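Enquirer: Residue numbers (my numbering), protein chains in the order written: chain A, 185 to 413; chain B, 185 to 413; chain C, 185 to 413; chain D, 185 to 413.
Because the hints were derived from the structure by calculation, they are not lab data. Keep in mind the model is a prediction, meaning the values are calculated, not measured. A hint or two may mislead.
It does not matter which identical chain is used: a pair holds within one copy or between any two.
Stated by the list, open to error - Straight-line alpha carbon distances no greater than 20 Å define the calculated EDC-like cross-link-like pairs of lysine to aspartate or glutamate that follow:
| id | residue 1 | residue 2 |
| --- | --- | --- |
| 1 | Lys396 | Glu352 |
| 2 | Lys303 | Asp289 |
| 3 | Lys298 | Glu312 |
| 4 | Lys349 | Glu292 |
| 5 | Lys303 | Glu352 |
| 6 | Lys394 | Asp221 |
| 7 | Lys241 | Glu206 |
| 8 | Lys187 | Asp252 |
| 9 | Lys394 | Glu202 |
| 10 | Lys356 | Glu312 |
| 11 | Lys349 | Glu210 |
| 12 | Lys349 | Glu202 |
| 13 | Lys356 | Asp397 |
There are 4 protein chains.
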Amino acid sequence: MMKITLPVIAVNFKTYLESVGEKGLEIAKAAEEVSNDTGICIIVAPQQSDIGLIASKVDIPVFAQHIDPFTPGSHTGYILPEAVAEAGAKGTLINHSEHRLILADIDEAIRRAKEANLKTIVCSNNPEVSASICALSPDFCAYEPPALIGTGISVSTAEPEVVTKAVELMQKVNPAVVPLCGAGISTGEDVAAAIRLKTRGVLLASGVVKAKDPKAVLQEMAESAQKTL
Amino acid sequence: MMKITLPVIAVNFKTYLESVGEKGLEIAKAAEEVSNDTGICIIVAPQQSDIGLIASKVDIPVFAQHIDPFTPGSHTGYILPEAVAEAGAKGTLINHSEHRLILADIDEAIRRAKEANLKTIVCSNNPEVSASICALSPDFCAYEPPALIGTGISVSTAEPEVVTKAVELMQKVNPAVVPLCGAGISTGEDVAAAIRLKTRGVLLASGVVKAKDPKAVLQEMAESAQKTL
Amino acid sequence: MMKITLPVIAVNFKTYLESVGEKGLEIAKAAEEVSNDTGICIIVAPQQSDIGLIASKVDIPVFAQHIDPFTPGSHTGYILPEAVAEAGAKGTLINHSEHRLILADIDEAIRRAKEANLKTIVCSNNPEVSASICALSPDFCAYEPPALIGTGISVSTAEPEVVTKAVELMQKVNPAVVPLCGAGISTGEDVAAAIRLKTRGVLLASGVVKAKDPKAVLQEMAESAQKTL
Amino acid sequence: MMKITLPVIAVNFKTYLESVGEKGLEIAKAAEEVSNDTGICIIVAPQQSDIGLIASKVDIPVFAQHIDPFTPGSHTGYILPEAVAEAGAKGTLINHSEHRLILADIDEAIRRAKEANLKTIVCSNNPEVSASICALSPDFCAYEPPALIGTGISVSTAEPEVVTKAVELMQKVNPAVVPLCGAGISTGEDVAAAIRLKTRGVLLASGVVKAKDPKAVLQEMAESAQKTL
Numbered sequence: 185m186m187k188i189t190l191p192v193i194a195v196n197f198k199t200y201l202e203s204v205g206e207k208g209l210e211i212a213k214a215a216e217e218v219s220n221d222t223g224i225c226i227i228v229a230p231q232q233s234d235i236g237l238i239a240s241k242v243d244i245p246v247f248a249q250h251i252d253p254f255t256p257g258s259h260t261g262y263i264l265p266e267a268v269a270e271a272g273a274k275g276t277l278i279n280h281s282e283h284r285l286i287l288a289d290i291d292e293a294i295r296r297a298k299e300a301n302l303k304t305i306v307c308s309n310n311p312e313v314s315a316s317i318c319a320l321s322p323d324f325c326a327y328e329p330p331a332l333i334g335t336g337i338s339v340s341t342a343e344p345e346v347v348t349k350a351v352e353l354m355q356k357v358n359p360a361v362v363p364l365c366g367a368g369i370s371t372g373e374d375v376a377a378a379i380r381l382k383t384r385g386v387l388l389a390s391g392v393v394k395a396k397d398p399k400a401v402l403q404e405m406a407e408s409a410q411k412t413l
Numbered sequence: 185m186m187k188i189t190l191p192v193i194a195v196n197f198k199t200y201l202e203s204v205g206e207k208g209l210e211i212a213k214a215a216e217e218v219s220n221d222t223g224i225c226i227i228v229a230p231q232q233s234d235i236g237l238i239a240s241k242v243d244i245p246v247f248a249q250h251i252d253p254f255t256p257g258s259h260t261g262y263i264l265p266e267a268v269a270e271a272g273a274k275g276t277l278i279n280h281s282e283h284r285l286i287l288a289d290i291d292e293a294i295r296r297a298k299e300a301n302l303k304t305i306v307c308s309n310n311p312e313v314s315a316s317i318c319a320l321s322p323d324f325c326a327y328e329p330p331a332l333i334g335t336g337i338s339v340s341t342a343e344p345e346v347v348t349k350a351v352e353l354m355q356k357v358n359p360a361v362v363p364l365c366g367a368g369i370s371t372g373e374d375v376a377a378a379i380r381l382k383t384r385g386v387l388l389a390s391g392v393v394k395a396k397d398p399k400a401v402l403q404e405m406a407e408s409a410q411k412t413l
Numbered sequence: 185m186m187k188i189t190l191p192v193i194a195v196n197f198k199t200y201l202e203s204v205g206e207k208g209l210e211i212a213k214a215a216e217e218v219s220n221d222t223g224i225c226i227i228v229a230p231q232q233s234d235i236g237l238i239a240s241k242v243d244i245p246v247f248a249q250h251i252d253p254f255t256p257g258s259h260t261g262y263i264l265p266e267a268v269a270e271a272g273a274k275g276t277l278i279n280h281s282e283h284r285l286i287l288a289d290i291d292e293a294i295r296r297a298k299e300a301n302l303k304t305i306v307c308s309n310n311p312e313v314s315a316s317i318c319a320l321s322p323d324f325c326a327y328e329p330p331a332l333i334g335t336g337i338s339v340s341t342a343e344p345e346v347v348t349k350a351v352e353l354m355q356k357v358n359p360a361v362v363p364l365c366g367a368g369i370s371t372g373e374d375v376a377a378a379i380r381l382k383t384r385g386v387l388l389a390s391g392v393v394k395a396k397d398p399k400a401v402l403q404e405m406a407e408s409a410q411k412t413l
Numbered sequence: 185m186m187k188i189t190l191p192v193i194a195v196n197f198k199t200y201l202e203s204v205g206e207k208g209l210e211i212a213k214a215a216e217e218v219s220n221d222t223g224i225c226i227i228v229a230p231q232q233s234d235i236g237l238i239a240s241k242v243d244i245p246v247f248a249q250h251i252d253p254f255t256p257g258s259h260t261g262y263i264l265p266e267a268v269a270e271a272g273a274k275g276t277l278i279n280h281s282e283h284r285l286i287l288a289d290i291d292e293a294i295r296r297a298k299e300a301n302l303k304t305i306v307c308s309n310n311p312e313v314s315a316s317i318c319a320l321s322p323d324f325c326a327y328e329p330p331a332l333i334g335t336g337i338s339v340s341t342a343e344p345e346v347v348t349k350a351v352e353l354m355q356k357v358n359p360a361v362v363p364l365c366g367a368g369i370s371t372g373e374d375v376a377a378a379i380r381l382k383t384r385g386v387l388l389a390s391g392v393v394k395a396k397d398p399k400a401v402l403q404e405m406a407e408s409a410q411k412t413l
């Protein structure tokens with residue numbers, strides 16, 4: 185299912201060894217099967233050098249983990265939006281907590297992504313920054329408290345009132361931006377809680393990529409999302 | 185006049201040789217005289233190592249040109265909000281076009297400035313980024329199109345409709361933030377035009393610091409601001 | 185010819201539109217033909233998302249344009265040495281003039297590249313920085329004066345004495361590092377001049393990638409290199 | 185004693201609250217007394233906004249903690265070498281572990297410091313990086329393993345063989361550069377050990393600035409240095 189529908193489960197492959205090359209392809213194929221089975225949209229965000237490999241072999245949306253705010257030209261080693269699009273990416277993360285950008289570059293990266301037909305998930309670290317990002321009109325804004333990232337303690341169950349505040353501030357500034365949340369999401373219940381808090385999905389990484397059985401975790405998450413709708 | 189009143193003329197000393205040490209003090213003294221004479225608030229933003237010297241000798245608000253978003257600790261070479269406050273600064277520029285910050289750091293720098301009793305002028309490069317900044321609740325937001333900075337072509341006369349759009353977007357997101365504009369401001373008419381466009385003042389640098397007679401330029405600007413009110 | 189032999193012609197694809205995806209593959213195939221024809225080693229450095237595509241279809245060394253100095257883990261959007269190696273890269277540029285790194289990160293990136301079996305071409309901007317880089321024991325050090333990059337005015341003909349000085353300083357600090365030069369290289373004579381100045385090859389970009397006939401330019405360069413040996 | 189003599193004890197004030205403003209001046213005065221008493225050169229490196237205050241009141245060398253590699257001009261919020269020199273600084277730290285620079289900027293910062301008559305202490309994180317820095321001809325190179333900074337476990341007693349290796353590599357590349365070491369230095373014996381390992385002094389911070397009695401610690405260190413010569 186290539187179309188992006190809501191709610192969405194976005195899986196960031198980070199630079200884990202568990203997601204490099206063929207191993208990443210396996211996780212992407214598992215995501216595709218779960219998505220086909222449940223009808224829930226699952227996005228995968230592999231490493232830059234794996235975008236082409238994975239996008240050519242699965243029929244779910246592949247996102248880059250980062251793009252740079254540049255037009256084509258002399259920018260050795262940077263990530264051109266047009267290049268990831270041609271490799272098969274349908275969108276990109278921007279400003280992940282582990283890859284924060286200068287404000288003016290977030291703005292420009294969103295513009296460049298639109299020009300290259302890439303959807304944008306821009307990450308934020310607190311409710312105010314979430315609102316700030318929504319003023320730049322990305323497609324999605326994913327609120328992720330840095331302290332919970334990678335912990336397995338889910339933002340949606342540990343800090344429900346902060347998620348609610350983030351969603352409210354985002355909606356006030358720009359209701360067209362789709363709110364997501366992330367950090368510590370590792371179970372179906374974490375996903376269900378996120379949806380009940382009025383986000384339209386989750387961004388996660390280790391909870392799936394480092395799981396013993398990524399497919400089983402995704403299946404549980406997608407079914408939980410289904411039931412919560 | 186130490187109190188910050190509106191409209192405001194903020195003079196950024198940058199790292200011009202013309203504003204180092206005693207030369208910077210002279211410009212600050214000229215600003216003080218003009219401010220006392222006209223009743224218009226003039227802020228000066230000297231280099232970090234001149235804050236103490238200038239703040240101890242003039243009775244107008246002295247701002248830092250930058251602070252770092254850190255709490256006291258192990259941050260060799262960075263600018264601690266408490267340190268510039270103790271040296272005599274009453275506020276600080278943040279995210280100037282020549283010193284752009286990561287979004288999360290702008291947010292944190294504004295919080296840290298408040299804790300150190302520093303007022304904040306956060307700079308933006310276009311109307312959308314201006315709105316984005318206002319979501320973070322600084323005291324002032326100064327819209328400065330980078331292409332006009334240092335040119336002598338004034339943003340307030342060359343791009344009035346963009347200034348108007350910036351002010352509107354800022355007010356919509358957060359009406360408590362005071363809108364300023366800057367870039368190319370070098371005459372009294374540039375200041376008057378800025379005020380007519382509903383900004384509450386200007387941020388400038390070379391137009392005063394590199395002028396043959398900085399005091400004469402400031403006098404003309406302050407008088408022009410007075411008449412426009 | 186997959187082995188890296190000297191002299192070498194390294195072609196940096198940058199983020200030019202002319203080198204994205206299939207267009208980049210065409211240039212790489214032209215380089216492979218010239219290399220097979222002349223016996224001169226030609227390295228191609230495509231964009232990150234094209235490494236897999238190109239490495240799977242040509243039998244010459246493919247390099248990344250950049251790697252990050254990280255071990256596997258939580259580094260969203262960064263370039264893991266192991267990932268580009270698994271995609272087929274045999275080496276990487278580091279610290280290109282358009283992508284300069286913190287000194288400690290250059291050191292760590294070289295170590296990480298070795299661990300991932302990637303050869304390293306580290307770029308420098310003047311003779312002293314070239315010597316500084318050689319103390320870190322990369323495989324190659326490419327001296328490229330930033331002012332000439334992309335101009336078509338060749339470093340090897342415009343500044344022969346600076347190239348000579350750079351090579352001498354490099355050899356003095358670490359004779360095991362192979363000296364290259366770059367900037368403005370666009371003809372066979374530029375390559376020949378570089379070799380006569382005791383470099384063991386060139387790093388170039390627009391001279392080939394933006395040429396009307398990249399293969400013809402590479403052919404002329406490789407033949408010129410052959411004759412100069 | 186304003187002249188820089190060897191061995192040297194350099195005290196980095198970092199951005200500790202214990203060293204802001206008048207408190208920093210007190211530490212600097214203690215350092216001056218100890219230096220006068222023992223004849224050992226003590227350098228103090230206060231925060232940027234305290235350079236003028238401290239340099240005007242003590243007769244020992246005051247260093248900046250950082251300069252930027254810029255010439256005078258439009259660089260809002262950055263540290264101009266000429267400005268810290270005019271405020272009274274005699275030198276500067278560069279590339280401290282907490283403020284690492286791009287390699288080309290270290291090179292340019294050293295050049296700019298020389299033009300502004302500032303001595304340079306450039307910091308390194310391992311023996312190879314120390315050698316790399318020495319190729320750029322700073323006045324001093326201070327090897328500081330990041331893992332020991334701020335721990336109170338002294339580099340000179342915990343890792344003597346690495347200090348020896350660093351000094352050897354530095355001397356091999358450029359014997360004109362004065363080797364220092366730092367990290368965890370907090371007692372006279374730590375200083376003595378550093379000198380016995382053929383460094384010509386130490387760089388430290390919390391060991392003095394956060395001590396209950398900074399003067400007593402400095403006195404013990406200076407006497408220990410004296411006896412070791």
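Enquirer: Output the numbers, in ascending order, of every earlier hint that fails for this structure.
Expert: Hints 1, 5, 6, 8, 11, 12, 13 not satisfied by this model.
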